[in-house]
Each structure stands twice: as C-alpha cells, then as structure tokens.
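Hey, can you work out the whole structure from these sequences and the hints?
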Amino acid sequence: MIFTTYWFFAFAAILFPLYWLLPWGRARLGLLLVGCAIFHGHFAGAAGVIPIVVLAVATYLAGRSGRSSWCIATIILCVASLGIYKYSPFFVGSAVGLFDPQLAAKCALWIRQALPASPPLAISFFTFEFVHYLYDVRKGRMRITSPVDFALFTIFFPSLVAGPIKRCGDFLPALHRGVAAVATADVAIGLSRVAIGFAKKVLISDNLATVINYYAPHFTQQSLGTRWLLFAAIAFRILLDFSGYSDIAIGLARMFGITLPENFRWPYLASSLQEFWQRWHISLSTWIRDYIYIPLGGSRHGVARKIVNGFIVFALCGLWHGAAWNFIVWGIFHGAGLAVCGNYRLLLGRTGAQIGAFLDRFPPLSWALTTGYVWLGWLLFFYPLPQAYKMAASLFSR
Amino acid sequence: MKLFSPIPICVGVIAGFVACCLLGRASSQKNIYKNFQRLHPFLEQETSYYPTASQLVAVARAQCPPSAGRKLVILGGNSVFNGSGQKHGELWSRALQEELGDRYQVVNFSAPGAGLVDNGGVIFECLAREYPQALFVTNTEPGYYPAGNRSAYSYLFWDAYYKGLLPSDARREKRLANEKETPGSRELKLGRRMNSALYFNDLWTDVSYRYVSTVWTSWLKERSFRPRRRLPDWYDKRPPVVAEESEFQQMLPGHLDALRHRHALSTERYQQNGVGAWVQTEESLHQDEAQIADLLPEPLPHRSLVVFTPYNPWFLAHLTDAERTRVELGFSNGGLLLEKAGYHVLSTFDRGFVPEDFGDTVHLSPAGGRRLAHLVAESIRSMPEPNQVALTR
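Chains Y and C, in that order, are what the protein sequence lines are. At the far end of the first sequence sits residue 398, using our numbering, and the numbering has no gaps. At the far end of the second sequence sits residue 1393, using our numbering, and the numbering has no gaps.
Careful, some of the hints might be misleading.
Which residues of chain C face chain Y? A few of them, derived with a C-beta cut under 7 angstroms, are [claimed, not checked]:
1. P1006
2. I1007
3. I1009
4. I1014
5. E1187
6. M1194
7. W1216
8. S1218
9. W1219
10. L1252
These aren't lab readings, by the way, just hints derived from the structure by calculation. The structure displayed is predicted, hence computed values, not measured ones. Glycine included, every Cβ here is placed at the ideal spot set by N, Cα and C.
Now the structure itself:
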C-alpha cells in the first residue's frame, strides 16, 4: 500500500509544510502539481507514466476542442487502453481457452511479454475520470482550459491510487478554494481523518488479512463459530481496508484544503441492496450509474430492460475490480440481488407486496438479509467459485 | 469544545509526534529485555518483531557492563547457535557460559536463518571500540558468507549503519555505494534512515515488548497482542528433542534432500579434476574469498571465531561417497579461506559428534549443545588476547 511506505511519509513530510508555508495561492498550485508529478513518477515508473501522459494529453486536447467526434474517439482510446493493459490477457485467455487451452496459454504468454509486467498504476481510475470528463464535455456541461487544472485533476495524488473517483465539476472549484488559503481547520480535520484511515487499514484490516490468509485454506475444518467469525472478518477486512484507504485519501486532500467526495457511509448498516450501493464505494457506484446505467437506458424502458441493464452494469463493476471470473461472478451476484430487490414487489403482485410490507415492518430482518447477501458476495469476490461455494455451505452445516 | 478546535488538534499532533520521537530515543538507550537469553521466535522477525541495533547494544551493555572487567563474548550465527529445539535451561550458550566461567560474559544474538555476521556481528561491530577485549563467535556452513546488508536480517545492519553505530570502513562504503538497489532495499534503507532520526521502530519495539503488540501472527494466534515480555521462550513449550534413529528415519527424505541443497554440497561449486578427484572450482573459491573479505572490517576478523557447525553423521551416512567428499572439501576450504582473512576457525567436522547429538540434520540436541559448548570454550580460551586497535567511527 503506497500510503504506508516510508517514501510516502518522507514525501508528505516535505510537501505539506512547504505547501502550508507558501504565501501565494498560485505557488501552492504549482507546488501541488510538482508534488503530484513526483508521486506519480515514483510509484508508476516510466512504463506507468507514459501511457497515462498520452491518454491525458489526448483527453485534454479532445476536451479543449469540444468536438463530439473527438471526445467519442478519445473515450474509445481510453477504454481500449484499459482493456489492452488490464484485461487483454484475461479475455484472450478465456476466449481462446474455450477452444484450445494450449493456444490460450501461448497467447497469454505472448501478451504478457508484449505488455509491461503490470498495468500502468491506477489506469482504471484514470480511465473513469477521463471518460467522465469527455462525456460531460460532449454534453456541453464543462470544459477545462487550463492545462495545470487538467493535470491536477488527472494526477492529484491523494485520490490517484484507490479513489475516490473525482468529478471535475466538483474537484476544480474545491482545488481553487483549497489553494487560495490554508485553513488550520482543514489541516486538523484532514490529520484526524488520515489518522482514522491508518488505524482502520494498518491496525485492523492488515491484521484481519493475516488471520484470514492463515485460516482460509482450512476454512471448512474450523468449528462453526470460528467459520462465522472468519466470515465476518472477511467482510470487515475489505470494508476497513478500502474505507481506510479512502479516509487517508480524503484526509490528505483536506490537508491541502481540498474536499473530496465521500466514498463510504456505514455500508453494513444498509437495509437493502440499493441502499448498500448508495453507501459502498459511492464514487464508483454513482459513476457507473451516470456513465453506464443511464446511457444504457436505466429504468426507462420497462422492467426487463432495467434488469438486463442492471446485470450489464454490475458485471462491468465486478470486472473493474479485477481481470478474473470471480469478480465478474461477484458483480452478477449483486446484479441478481438488485434485480430481485428492486422488482419483487412489482413482479410477484400481491405476494410481493405482502413480503415487502412484512420486511418494511421488521427493518432488522431486511438488514440481516442484506448484510448476509453482501457478506456472501465477498466470498465470491475473494475466492474461486468452488471454494466460495464450499465456504458458504459450511456456514450452515456442522 | 475548545479542545476540539483546529489549533489544539494541530498542536497536539505535533507535540504527540515529538513526544513519540523522544520516547523512542529514550527506549533505544536502555535495556528493555530483562533476563535476555537469546532471540527466540517471539523476539525476532519470524513473529514480525524487530529489535533495533541500539536495543541489542543496550542488552550487551547491561549484561556485561564495561566496568565489570569481564570479557564480552557475542554470539552470532544461525539457528544452530540460536539453540533451535533447546529449552531455556538446555541452551548451549548457557553451557558455554558455564564452561567459560565468570571471566567471560556470553550474549547470544544468533537467529534462525541468519548469516554469520548478521545480528551478533552487527552488535559486535557496534561495541568493538567500547569493548576492546570483546570476542565474536559465530557459526555458518561452508560456502555461505553473506555480508550483513545482504541477508534476511539486513534491517539490523542498516539500523546500526544509519544510527552511526558501526565503525567507519572505507572498503565497505565503497562496496555499499556500488551495490545495486531494488525498490525493496531502497524502502528498507529509507525506513532505517528515518528511524535513526525519529526512533519510531525503537518505540514500537519497546511498546510491543512491555505493553501491547499490534501485529497478529500465526505463531502466537490469540496471544498475538500480548506484550512480548509475558511470553515465555517459544522452545520451552515445545516437545523435547528426540535424538533417535526412528525420528531421523521419518525425516530422511525431506531432510536428506535439504542437506543435498546446502551450499556445502552444491555441485555448482565443485568439479572433478583430471584424475577424477573432486575440487572446488576456481570461480566459487574466488566468490567465497570476495564474500569473506566483505564480512567484517579490519581488525575485527582477528577477534572473531567462526565455527563450522557439524552435520548429523546419521544423515551424512546416507550421502554418496562423492557427496561426502564435497562436504569434507567444503569444510576444509572454508576454514582455509577464513583463516587467510584473519578469522579464527573451529571446524567441528569429525570432532566426535554422534547422531544422539542432533535433533535433525544440523540442529543439536541438549547433549550436542553441551559438546559444542565444550569445543567452542576450548577455542575461545586458546584465542590470543586481542590487541587494542583503534577503530574510527
């Protein structure tokens, strides 16, 4: 994790005091840009920086032009880059593997040799932010003219690695407010948030990860109580890891005076799947809603289309998390859950209405069903399907 | 409400940070390890615990105050010297202390998997000027001579290096400047460089030892968060070592394979000459010589005893003649190279060790530990008085 490296501590220890001591807003803006470039260069390396610079320049120029065709072409370029760097070994391997597993292995090897050892750092986040920007330019909602603003929107280091996914309509005003003056309150709030994030990530989540990695291979051999404890540990590990990371990102940005959007709002308190996705990785779920679900037609074309759209969106959401089948299955699992949750009252007629009314009367039951469903989903997220199934089944057997 | 306004929070964070640094610095200078016997698994990196160089220096100072007039014997080396399998009371280094008597003070800083100058070697260097009569005794096996910054315990080397505890050595500086860095080594060095100014590792180690540990480890499971001082030596709760043929028989396939992969037997290091006799290759001899030259700065090799600890003869008997020849060759060549570099050498090959002296291929039973202690004590007593050679810092 980048924020827990010594390099990052040293970097932050130099950058923040310099930023706070500079008396001019423009100088702070320049320093922030230099700091972000150093951060990106250090952690991404040349192989990671060059593709992002190419995509950023293309995005900036397409945005400046304001021409719809250029924006669409650049959106295709961004998505294709993401596909090639992150998903090509998986897709080629899976597709060819259906017919010839040996050829699939050869293809995967060839792709791995042709591409860098790992995809450019945070390419998924870059792609989503570029696509959002170009889509909004195309709709006439905004256009960034300043290259410094665009560069900072692109490589603002607190949110670079794991979000929150920024929207430039919110970020740029926050950036300019932040660099205009240093407020002690921002520094204090940011520091507190960073401390909370580190505590969640380092003290709790990392320890839970070690416990889980140690016991998970023998999950089904544990006592029933231990299995349930591990099940809960898996759910809390991902929450605390991810939300801890978001806390650190939001806190660091706040220490610059810049407010980033919230990414988690107590997601395990949700009493329906819809509510869960309004509380979990909010910047991703709203991005998917605005830039995939709604353009696909959303819920505007009848129940069947709404359900299909939901499945497509959540399969893509799963795929965004990683190039592997278990992520796709996890996404489809949530798509199915949402399809049931959002439509059962309508589709089951009177029975559906009765079930809905019953659940409305007993919110703890809705909460328990939602939590159970979400937590079972984490087994699919972390483990191959057969292992996840075994683990889930063992929760209900002696 | 005033307490939660921004200024008190910022001031509190800064004050807290400075206080932590000062506490860390204070804890680096005192001996926190009461009744220290060895770096058993709960006191070393196998359980994510990393005592710092300053803290181990403080242990040696506490156990052998300079004013006490005793000769400090610092033990380094790997799990054999660490007494793997031996309980607290059976520890071979206790037997060594008894053999040597009150004129000497033995402090055991060996650790599993350590190279011959890891841990103990680093602390010996730190104390060499303060204790001009101190001796360093370590163990290894033929062909394994990693420098202190190139092994599993390199964190301790860099900790001492950046804290300025090591004597200056132009040869080492030149070597370090030319060594290729990896992202991992850069990060390790940066962390230790920062620790030399801020002492956060020292503070964490102290807090974990005395109050609460913050890392879950599979060695300790539910006891992971207990202060380490409350945990007994790990080997005390283990079943006793059974040095019996039936036990060795069960170990045979895996352990024999492991033995064959040891440096001493590696076929890459040896070749057959024109008359079919095994000889060590010129290349590996040069490699060994170069590695040995990087171990300790002059004049410290002359105050150091390297022990080639034995292999279990029961397992050796299962090797081929050619393999046994290579083992013997490794022991004799290793000894010659180390002696040439100024080290005192004790080779325990063919020194009367029997299968009952072992718990497995290389680790010693309590009886084997006593035999080793006797041999090492003899060698220490026969070492000439070290000259007081000035070391620069």
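Now the hints, each set against the structure:
no.: 1; hint: P1006; in the structure: holds (4 angstroms)
no.: 2; hint: I1007; in the structure: holds (6 angstroms)
no.: 3; hint: I1009; in the structure: holds (4 angstroms)
no.: 4; hint: I1014; in the structure: violated (10 angstroms)
no.: 5; hint: E1187; in the structure: holds (6 angstroms)
no.: 6; hint: M1194; in the structure: holds (6 angstroms)
no.: 7; hint: W1216; in the structure: holds (4 angstroms)
no.: 8; hint: S1218; in the structure: holds (5 angstroms)
no.: 9; hint: W1219; in the structure: violated (10 angstroms)
no.: 10; hint: L1252; in the structure: violated (27 angstroms)
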